[in-house]
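Student: As you go down the protein sequences, you meet chains A and B in turn. Quick note on the numbering used here: the first sequence kicks off at 1 and runs consecutively. Quick note on the numbering used here: the second sequence kicks off at 352 and runs consecutively.
Keep in mind the hints are simulated off the structure, nothing from the lab. Values in this document were obtained by computation on a predicted structure and should not be read as measured data. C-beta atoms are modelled at their ideal positions from N, C-alpha and C, and glycine is treated no differently. It is possible that part of the hints are untrue.
[Stated by the list, open to error] If you anchor each label on the Cβ, the simulated ranges turn out as follows:
# : chain 1 : residue 1 : chain 2 : residue 2 : range
1 : B       : 369       : A       : 218       : 41 to 51 Å
2 : B       : 596       : A       : 218       : 34 to 44 Å
3 : B       : 682       : A       : 64        : 14 to 24 Å
4 : B       : 571       : A       : 294       : 32 to 42 Å
5 : A       : 331       : B       : 507       : 39 to 49 Å
2 protein chains.
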Amino acid sequence: MIIDCHGHFTTAPKELGIWRERQIAAFEGSGARVSPSELEIGDEQIRTAIEQGQLKLQIERGTDLTIFSPGAGKMAHHYGDARTSLDWSQVSNDLIARVCGLFPDRFVGACQLPQSPGEALAESIRASAIEVERCVTEHGFVGCLLNPDPSDGFWQAPPLTDRVYYPLYEKLVELDVPAMVHVAMSRNAAIQGTCAHYLNGDTSVFMQLCQSELFRDFPTLRMIIPHGGGAVPYHWGRYRGMMIDQGRPPLEEALLHNVFFDTCVYHKRGLELLTDIVPARNVLFASEMIGAVRSVDPETGRRFDDTKAILDSIESIGDQDRAAIYGDNALRVFPRLNAALQNTKQQEVAQ
Amino acid sequence: MIIDCHGHFTTAPKELGIWRERQIAAFEGSGARVSPSELEIGDEQIRTAIEQGQLKLQIERGTDLTIFSPGAGKMAHHYGDARTSLDWSQVSNDLIARVCGLFPDRFVGACQLPQSPGEALAESIRASAIEVERCVTEHGFVGCLLNPDPSDGFWQAPPLTDRVYYPLYEKLVELDVPAMVHVAMSRNAAIQGTCAHYLNGDTSVFMQLCQSELFRDFPTLRMIIPHGGGAVPYHWGRYRGMMIDQGRPPLEEALLHNVFFDTCVYHKRGLELLTDIVPARNVLFASEMIGAVRSVDPETGRRFDDTKAILDSIESIGDQDRAAIYGDNALRVFPRLNAALQNTKQQEVAQ
């Protein structure tokens with residue numbers, strides 16, 4: 001089974017975006033709230049969006065299952081207040097749950113968290129613990145997206161290793177659910193979103209983890225750093241050296257029991273480096289589809305985000321490592337996936 | 352001739368740091384100024400610092416010449432006001448000039464700029480144009496360090512492609528001097544300096560350049576993105592795809608006449624990727640010494656920043672490409688190097 005651990009509902013019906021725009025305008029106008037119940041999207045709309053989008057690509061590429069979350073850029077946690085963020089998260093997550101309900105053997109959910117920047121941060125982290133529990137217990141979700149910069153491009157929050165995040169980590173450990181560390185949009189004119197802020201977020205958080213004892217406090221907490229780990233594997237020597245300089249243990253010992261990279265790197269040379277440098281048990285297949293880059297690579301004739309085809313072409317990956325990267329690791333890092341897949345099978349048998 | 356385009360005077364005599372601390376304290380206390388003339392460092396101190404530091408490593412590693420600049424992290428442009436930044440830049444640059452005067456066949460200068468964040472930005476860019484001219488015409492410097500984030504970790508400035516920077520670019524073009532794009536320290540607790548902010552700065556600025564027409568306005572302006580280009584070569588497919596998505600020309604056409612990467616990547620696999628992906632004419636040898644990582648790599652028995660030894664071990668680099676990377680490119684990107692080397696030779700002959 002080939003599991004893509006990083007897909008977003010970037011093709012959601014336009015009603016979702018319209019509701020969000022109304023929500024933001026209402027808050028900015030008078031602090032008013034737009035009720036989540038005012039969003040109406042029919043099953044047929046969802047079905048069409050998925051069948052013409054992510055499902056079509058899954059079938060074309062031969063991948064089986066996607067861990068599916070709301071559009072990451074659109075999380076945009078800086079808008080409004082804690083309530084704005086909670087409503088928007090619930091609307092987004094409930095829509096993901098409907099996708100997973102309509103295509104139970106193809107999509108399993110990961111939720112957006114109702115984070116907020118500034119003074120609302122601590123409160124928003126407690127609310128995030130509640131929302132992740134709701135999504136896991138009520139919707140069968142298996143993961144979440146954790147934004148290290150809810151200011152959306154100005155990095156106003158403390159590092160993810162700060163104790164303000166501990167209530168969330170306690171809940172993640174209790175539920176046995178990992179977090180994918182994923183920034184949202186950038187509203188900073190100096191830092192573009194998908195090709196700068198995303199990668200910078202990955203790099204910054206890896207370094208936060210290098211400098212902390214977070215995993216001593218939470219030995220079973222697991223984090224996925226997406227986009228191939230930002231700049232990290234390319235600069236692996238820099239991080240290894242910095243750990244020695246600082247008298248810290250090797251990366252393998254300090255981080256690699258808890259930190260995983262996905263394969264959202266859109267060329268063969270990059271994926272060769274990733275799979276050569278990072279132990280296979282720490283690499284999870286992902287395509288980020290439909291996402292950051294949508295065009296076809298004229299050099300290969302395939303879409304840039306068709307990481308499956310690129311990985312298939314890398315002969316140096318052995319069979320066992322390939323099985324780990326394509327699915328076995330995801331089943332270990334997202335242990336609730338097993339239960340979700342069992343449920344689906346039982347329902348299919350019963351039908 | 353092997354030219355290291357990226358070295359910093361991180362081993363400067365302690366008097367420099369003490370003067371800087373006094374300068375900051377005086378400004379923060381009462382807005383007072385500490386005169387640059389109050390800094391006293393003897394030639395013998397400089398000689399010792401260099402002979403036991405950078406020169407020793409040059410000789411050990413078989414490199415000939417370093418383009419030498421003040422410690423990048425210590426530029427710390429957020430402190431004080433425009434005058435603070437100007438005094439500190441002049442003190443730092445004049446010290447580099449003394450190093451170059453004492454070791455004229457080993458070090459050629461690149462200057463720090465008197466940048467300031469916030470409202471002082473535009474004024475500080477005009478002051479930077481004046482300072483770079485002073486350093487080039489009076490000290491024989493051949494380049495400068497341009498900080499894209501003078502707020503030191505919070506990215507408050509517009510992108511480097513903004514017109515506020517044009518007075519500096521006009522001067523750089525007039526002088527035929529390139530800029531190395533290099534952030535300073537990070538005072539943001541979420542973003543460590545050498546292993547996060549540095550790489551993020553590289554990545555962010557490359558993407559700024561991808562989105563702009565800066566090089567249409569300044570066809571001969573040249574920028575070096577250090578630290579192997581941050582995350583960029585590892586994610587080369589992402590940038591290629593993004594350019595196609597946005598209907599922009601290929602990277603080679605839009606950027607690679609003007610943008611260069613250095614080789615400050617501290618492991619073989621990373622440098623293999625860099626030299627394989629980026630055309631050899633866009634790669635400049637550098638070690639960042641003595642710098643970000645100081646320890647010895649237990650896997651190689653050499654210091655992590657001994658990029659010369661790593662590059663020597665990469666057999667796939669052909670002779671012509673190797674000559675380009677080790678020195679020919681630097682002579683082209685820093686055309687004033689030729690004049691500086693001629694001067695040195697003439698002086699040696701005259702003596």
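Student: A separate judgement is required for each hint: does it hold in the structure or not?
Tutor: Going down the list of hints, with the structure as the test:
Between residue 369 of chain B and residue 218 of chain A, the C-beta spacing of about 42 Å keeps the proposed range 41 to 51 Å intact. Distance hint check for residue 596 of chain B and residue 218 of chain A: the Cβ-Cβ separation is about 39 Å, which falls inside the suggested range of 34 to 44 Å. Between residue 682 of chain B and residue 64 of chain A the CB atoms are about 55 Å apart, so this pair departs from the stated range of 14 to 24 Å. In this structure the hint that residue 571 of chain B and residue 294 of chain A lie 32 to 42 Å apart at CB holds, the actual value being about 34 Å.
As the Cβ distance of residue 331 of chain A to residue 507 of chain B is approximately 44 Å, the hint placing it in 39 to 49 Å holds.
Violated hint for the displayed structure: number 3, the only one.
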